[in-house]
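Construct all of the structure, not just a fragment, from the sequences and the given hints.
Protein chains: 4
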Amino acid sequence: MSVSAAVAGASGYAGGELLRLLLQHPRIEIGALTGGSNAGRELGGLQPHLGPLAGRVLEPTEPEVLAGHDVVFLALPHGRSAEVAAGLGDEVLVIDCGADFRLSDSAAWERWYGSPHAGTWPYGLPELPGAREALAGAGRIAVPGCYPTAVTLGLFPAYAAGLAEPEAVIVAASGTSGAGKALKPHLLGSEVMGSMSPYGVGGAHRHTPEMVQNLSAVAGEPVTVSFTPTLAPMPRGILATCTAAARPGTTAGAVREAYAKAVAGEPFLRLLPEGQWPATASVLGSNSALVQVTLDEEAGRIVAVTAVDNLTKGTAGGAVQSMNIALGFPEDLGLPATGLAP
Amino acid sequence: MSVSAAVAGASGYAGGELLRLLLQHPRIEIGALTGGSNAGRELGGLQPHLGPLAGRVLEPTEPEVLAGHDVVFLALPHGRSAEVAAGLGDEVLVIDCGADFRLSDSAAWERWYGSPHAGTWPYGLPELPGAREALAGAGRIAVPGCYPTAVTLGLFPAYAAGLAEPEAVIVAASGTSGAGKALKPHLLGSEVMGSMSPYGVGGAHRHTPEMVQNLSAVAGEPVTVSFTPTLAPMPRGILATCTAAARPGTTAGAVREAYAKAVAGEPFLRLLPEGQWPATASVLGSNSALVQVTLDEEAGRIVAVTAVDNLTKGTAGGAVQSMNIALGFPEDLGLPATGLAP
Amino acid sequence: MSVSAAVAGASGYAGGELLRLLLQHPRIEIGALTGGSNAGRELGGLQPHLGPLAGRVLEPTEPEVLAGHDVVFLALPHGRSAEVAAGLGDEVLVIDCGADFRLSDSAAWERWYGSPHAGTWPYGLPELPGAREALAGAGRIAVPGCYPTAVTLGLFPAYAAGLAEPEAVIVAASGTSGAGKALKPHLLGSEVMGSMSPYGVGGAHRHTPEMVQNLSAVAGEPVTVSFTPTLAPMPRGILATCTAAARPGTTAGAVREAYAKAVAGEPFLRLLPEGQWPATASVLGSNSALVQVTLDEEAGRIVAVTAVDNLTKGTAGGAVQSMNIALGFPEDLGLPATGLAP
Amino acid sequence: MSVSAAVAGASGYAGGELLRLLLQHPRIEIGALTGGSNAGRELGGLQPHLGPLAGRVLEPTEPEVLAGHDVVFLALPHGRSAEVAAGLGDEVLVIDCGADFRLSDSAAWERWYGSPHAGTWPYGLPELPGAREALAGAGRIAVPGCYPTAVTLGLFPAYAAGLAEPEAVIVAASGTSGAGKALKPHLLGSEVMGSMSPYGVGGAHRHTPEMVQNLSAVAGEPVTVSFTPTLAPMPRGILATCTAAARPGTTAGAVREAYAKAVAGEPFLRLLPEGQWPATASVLGSNSALVQVTLDEEAGRIVAVTAVDNLTKGTAGGAVQSMNIALGFPEDLGLPATGLAP
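Protein chains in written order, with our numbering: chain A, 1 to 342; chain B, 1 to 342; chain C, 1 to 342; chain D, 1 to 342.
The hints are simulated quantities; they were obtained by calculation from the structure and are not laboratory data. Check each hint, because a few of them may be wrong.
[To be verified] With a Cα cut of at most 20 Å, we get these calculated SDA-like pairs of lysine to any residue: (1) D/K184 x B/R41; (2) A/K184 x C/G180; (3) C/K181 x C/E64; (4) B/K181 x B/G36.
Here it is as structure tokens:
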């Protein structure tokens, strides 16, 4: 038996990836697709890679269009999600790919987003301790940000095992799709190809408080995060280099054991064999997160590197994985575990 | 009921793509994987994007390893396919992704490849008139070359409809995976990124006689082909610009009608709406071929452009599509019709 | 003794490249820099690669700002050049990088641009027969389009030698900077990286009549041009594959001789040794054009391939080269003949 | 009056970049070019971007070929430099782009390179305190590694001003040319395009001890360095994100002042205006290093980001800059301060 799913924001990159995945999902029937300024246009001109849906026409992003579906995915600018969600009843599973419901600390939300906090929903990162329990049967899900997904998966095993000091230093490279389809000069192909550049440096990126929230929860104490995102000349993928000072007495063996334990049984979190480091190409279009870790004895730091596809595991795949849990489907149903390489 | 499939040459790009597709195929059980110099190594270190097969060990490419499977895919250097195939019995469906059995003209083979011709197998381009009939129940299949796939799909409708003069001029851009994993200086990332370059210019590329063969068969007369391949700074994808002088009296409407007719009912050949031109990103990892065509009235030429993924529709996807026909499966079973974009 | 040069449109790609070259030119003193909507901004925020000019403030693009310089370069949208030039006196050498004064046929201009024809200026492609004579001492210069530069250099030797039929078929790949800094969705990095796509197919690109004009002039008879431009995933560079049917009796030797003669003594046009084909990386940032040619005996076509940097030889470098001629400087003064590779 | 310069290792990327710069240098006459396995070949087939030297033939890398020049640049594998240098007399200025003479600590050398230490030469990073004095009139110069150049320029101002704790955490992204022309599978274009990957993680990269040496010297105490290099899908450029915990009481103003002081009067080190962050595209082919810094108050860290071209400022440009100092030329003679963008 199928469930029906609507996608709000179907003309953007997150919306397109949701549709790519939902088309492959054996239990989903794709319902209404909505757009903002693109309402009224055919999807084929906006998402030419989604051939089977080429003739579908975008409807306006209104609750009445979205209501009546079993699941509604929101791939909207932050702020807009809360508005739309308010118009949807409890019988609809609402999965927000935006930021509105990720933070539990209202003060943090208001400081970072400058608007009233709409609330906190169960957090769609199943690999986190306790997350699956909160997602099972949930009616509302907040999908994590792409960077927080990569970074949390990279460091939570160290914090869960009590091996790391509460001061993380993280540098991540993201493909340009992470910035969306907005027409900004620095996102032009001429600017990004052949070039790397940082942005949101010095604690200015809005994903930082989400990382702080996740790592602090696992560590059981406040963790500070120095986070530097960089824009890489590739359409997709995040490579997150996540480091933290090792607690005194930490051994390489203990680090490895902690990570091995964290990935045990996980369908989409894979610890690579020792010596093999992840490349983002290995997870293109895949819901898998690859992780590798080592202990730099000289510098006294744990260094973990994760590779995820920002649009798949980092957004749409994480959303579908969480939906599977909420609806009681097998967690990996319809989700690709292989990447598109080369 | 599943059929078992072995892949010879599993460490290369074509072999990797075959495995990516076969993992998604609901009727296939993946059997032996073989390699040349990589025999004995684990697949995880060679194809890190194929997580579910990471622990599989490559065996040597020998008939005795491959025999006993229902289907054997050969992704081997030309010349080697014929050797291996000779050791496999009629009970095995052998699908060769190499060049050995593509040409029907022994003289052409020997001139282009400098070795004795091994024979001609049913040709795995189902969209060609008559191809499906030859593939149904076949025990041996020759998968077309990636360029001939893109070019033939671009021009056969014009020749089938008698609209084009028998002198085609074609320029195609290919991603670097078309050149395989061979370690050649001009294939280094430092050389190819940010650069376009031609090769095999002036009729020197071995895919030329295959295009001549296909287009001549459809046209019912000898077609000459001026073919210039170029190497583009991307891992995958072929964009083929295919032109031919229009026969006198040809109208834009007749051209469009010919192409519309050619794609009618085709699961993987899609004619875009007028005015929309194909981009290779739209077919990444997809078995679809996108085509658009126009009539340049001033220059008197039909100009068709096709986009395919050289590894999917151009190699491994075409192989699986042909296998589906040979085995009586639905032709599109397990094959992605959507691309990975952006 | 230096001459002063102003650049109108200094915030665009052509303007930036002009400044990069003029900074290296030993006889030029850079004067006013102007911008449209960017007037009033510092150049450092718009062209961060031009460190030595970072503090310069853009002035409005008005004749009174530009007057008083020895040379004025116009890097403006078409239509705007003619307006601005009309306000500059004969004592100023005006060099237009736009299209306004390239075409000699008023009817063609009006058909392609939909506005009244402003006139025809000496054409800044010194390699064309007769061009240097017209440029020497000129007070107005029309810089060729980037595609017409690449294509004309690729085929004029064949037409000058009477070896080619008057029906050229050309496919060219361009880096994205050829499309300028305009904020269009298809120019986003996420869209262009890893993808090739055509545009302006079927005779729809405005550079086509310029190619027709150039090749017809050299051939002494009307030449038709089938031109297909494609967008390649690189910031700079044009690779033009230029073909024409060989006149009966044409030999490979005659073709080579024609090209060797055409490049003899040329400072920036280089015929590669036989068997070596040009890559755009070899001319990045260089004013050189690399060309190679062969005769495809089977298809009966001459196939020439040229590589230029669309912003250097294709725009700003060609402009400076022409300026050098007009002012009586050595033609190669201040112009790089080497590319930036890898 | 010109000085003659030979380049040993002219077929590699560092050698090619040296030649590109030396061709533009007004006081240099290019003498012998040597190669290892490429000896006897013409440069045009190996470095097609260096048109003016296309006909030069590579000689074997032997002291007798190199002797007799005023300057000899060594762009050789480590270990080989020391051998060749031993055969050159004191009358020759020898500039080694390799690692042999960079480290002052013999034990560190032997630990990292596994061979006897050949000695320590004046260090070619003029921006470091005291470096210019050691370079003036020097007869031997060790050019820094590309990563140590970027990292040292990013953090030495903080350590010189006593603002940072002696525990640096650094993540850098490099273009693929940093890995040279070696034919390794992971350097194929198909592998690197569209992908980011780390290597030498956990303190395993040989450039680490050089960073430790530089930063410790400036800090006046041992500095530990956690360094993670990553391979980015671009041919050139390094973006180094360099962080260190701020000493208690450090203010944003003090940080900015320290960096402003460090760049004052430097011809090639530029601190960007506040809020503008460096992109590697801005320094392509340029000898400039761009730097920006901020204080992350929440995380308590100084975060500096530098962009350099690994082949120019990071290797060949740094070598020429140091040569200029050694020979008493103006330090910026013949060196480009502008980058090639877009």
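Hint by hint, here is what the structure shows:
For the proposed pair D/K184 and B/R41, the alpha carbon gap of about 17 Å is at most 20 Å, so the pair holds. Between A/K184 and C/G180, the direct Cα distance comes to roughly 14 Å. Compliance with the 20 Å bound is thereby established for this hinted pair. With a C-alpha separation of about 26 Å, the suggested pairing of C/K181 with C/E64 is violated against the 20 Å cut-off. This hinted pair checks out: B/K181 and B/G36 have alpha carbons roughly 13 Å apart, not beyond 20 Å.
Violation of the numbered hints given earlier is confined to hint 3; every other hint is satisfied by the structure.
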